[in-house]
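Just so you know, the protein sequences line up as chains A and B, in that order.
Per this note's numbering, residue 1 is the first one in the first sequence, and the count goes up by one each step.
Per this note's numbering, residue 1 is the first one in the second sequence, and the count goes up by one each step.
The hints are simulated quantities; they were obtained by calculation from the structure and are not laboratory data.
Please read these numbers as outputs of a predicted model, since none were measured by experiment.
Hints should not be assumed to be uniformly reliable.
[Said to hold, decoys possible] Lysine-lysine pairs mimicking DSS-like chemistry, simulated, CA-CA at most 25 Å apart:
no. : chain 1 : residue 1 : chain 2 : residue 2
1   : B       : K143      : A       : K133
2   : B       : K143      : A       : K161
3   : A       : K161      : B       : K137
4   : A       : K161      : B       : K67
5   : A       : K100      : B       : K143
6   : A       : K68       : B       : K143
7   : B       : K143      : A       : K24
8   : A       : K161      : A       : K44
9   : A       : K130      : B       : K143
10  : A       : K68       : B       : K188
11  : A       : K204      : B       : K143
[Unchecked claim] Calculated Cβ distances over 12 Å to all of chain B for the following chain A residues:
no. : residue
12  : A127
13  : G171
14  : R173
Virtual Cβ for every residue (Gly too), placed ideally from N, Cα, C.
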Amino acid sequence: MRAKKLFAVVQAAVLLAAACAEAKGPAVGKPAPGFTLTDVEGEKHSLGDYKGNYVVLEWVNHGCPFVKKHYNSGNMQALQKETTEKDVVWLSIASSAEGKQGHYTPQEWKKVNEEKKSAASAVLLDADGKVGKLYGAKTTPHMYVIDPQGVLIYKGAIDDKPTTDAEDVPGARNYVRAALEESMAGKPISEPVTEAYGCSVKYK
Amino acid sequence: LSALTPRRSSFAVALIVLPLLAAGRENSHPAHTRVSLVAEEGWIQPGRPFWVAVRLEMDPGWHTYWKNPGDSGAPTRVEWRLPEGFSAGPLRWPAPRRLGEPPVVNFGYEGKVALLSEVTPPAKLSARSATLRASVKWMECEKECLPGEDDVELVLRVKPDVPPLDPEAAEFFAAMRRRFPRKSLEWKFLAQTRGENIRLRIFPSSRERWAAMTFFPERRGVIDHSAPQGFGRTGGGYRLDLPMAEAVAPPDALQGVLTVERYAEEGGGAEAFEVDTPVEPGPEPAPGLWLFLGGSAVLVAAVLWIVRHKKGGRS
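Same shape as in the complex, but just chain A (with noise of 0.2 Å):
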């Protein structure tokens, strides 16, 4: 009987722990988890078949405002092309549940794509929010950058400019666009970690 409430308590403590772990997702510095998700065309996508590779992890809901900026500009599409130019993988992520806003059918999304113009990697579906969490993704957009050891190297906001205007993109700082470059070139990265700014993931 008392080992079983000591166990109860470490096992409390333990969870406590990794729930405090998981909100905050992943540090930058450490490797970062793995996945496996699908895409829309039904392929499946494991982030550890990209070691080599730069991979940008996006999380994306074309309902939200803050989403429809940095596509509607043209601004999301252009980066995408830019870098998956240069052998980056580009993985935008939809973790919107069944029924909130933002999901949609592998069919839908494949309209959605072709409308938006992705020029993503894959856009992979996530509607249990698992990888969301994993990640501790808060917003759309909100952006992770892995170099080719599999190491986090940037969190947090796509720009400096949180707002919903498009007006604002050509003067702000792209911070996916400078990690990348500055990893590229052996440099550090001068601000690896962000506030990402946005609408709230529509987790169930």
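Once you've looked at the hints, dock chain B against the given chain A.
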């Protein structure tokens, strides 16, 4: 309506009588937030500053944001378009509330809110009236978020003499001001890093007991918005343990708003204070605070278990 009758819920009463006040034109907008301008004084006397409220009224279930919106959202923005020679002071924000649940916690307002600005007219005015205009942009959210935008205006007469006190307007503005954080010389605040937290120590001006306290950081990226704030008593006052945001270095100063709540059985109600205090480096308990706490929990549990086990063995 008597302005002299003391009222507990005078804010609610003021909001009910508000439609009777000389409110600005309310533009119809297919949004979930309605915006209007309200002036504290009945007319403009040249050179005499007066307060104007930008009133936002949200549909039930909808909210708008404080100047730091928290984990998501965006602050309401007011762009004044005033007649020549007029100037508007900085926007004053009532104390916000915590909205939502981890992992996403926001700071904002539900129901009705008024953002205040002091407008100074020029010393010489020949016109018989002046039109104050403002472009207001906001983000309104329920389950989903929509950007809102409206242009509002308020026409005020210009008269050479001092405007008389309008008891209704005075009460409305007084009620709104009670929701604003105030600077206090009597309340003392000290901030110190403690491992991964900033410990804010709060020394109230009197021995009055407080049921709860909440800190709202003025800027993003200082503390973790969604983390629970460890509230408790400490020698001579209270403390809040605020988990720091992930950042390269701890902040030099803690700036924001502290709300303090009374016990319901002592009448309830809340007050809000402006906090601006340097963050001093504190004792470093352990590189991983959780390792330390987890280890302590295991140790305590083990000791308890052994003690009880021994007792059980003897009887």
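Taking the hints in turn, this is what the structure says about them:
1. B/K143 - A/K133: Roughly 19 Å between the alpha carbons, so the hint for B/K143 and A/K133 holds.
2. B/K143 - A/K161: 24 Å, holds
3. A/K161 - B/K137: Judged against 25 Å, a Cα distance of about 15 Å means the pair holds.
4. A/K161 - B/K67: Satisfied, since the Cα-Cα distance of roughly 14 Å is no more than 25 Å.
5. A/K100 - B/K143: 8 Å, holds
6. A/K68 - B/K143: Roughly 17 Å separates the two Cα atoms, so the pair holds.
7. B/K143 - A/K24: 23 Å, holds
8. A/K161 - A/K44: 34 Å, violated
9. A/K130 - B/K143: It holds: about 20 Å lies between the C-alpha atoms, which stays within 25 Å.
10. A/K68 - B/K188: Not OK: A/K68 and B/K188 at ~45 Å, beyond 25 Å, violated.
11. A/K204 - B/K143: Judged against 25 Å, a Cα distance of about 11 Å means the pair holds.
12. A127: About 16 Å separates A/A127 from the closest Cβ of chain B, which puts it past 12 Å; holds.
13. G171: 17 Å, holds
14. R173: Per Cβ check, A/R173 is outside 12 Å of chain B; nearest 15 Å; holds.
Checked against the numbered hints listed earlier, the structure breaks hints 8 and 10; every other hint is satisfied.
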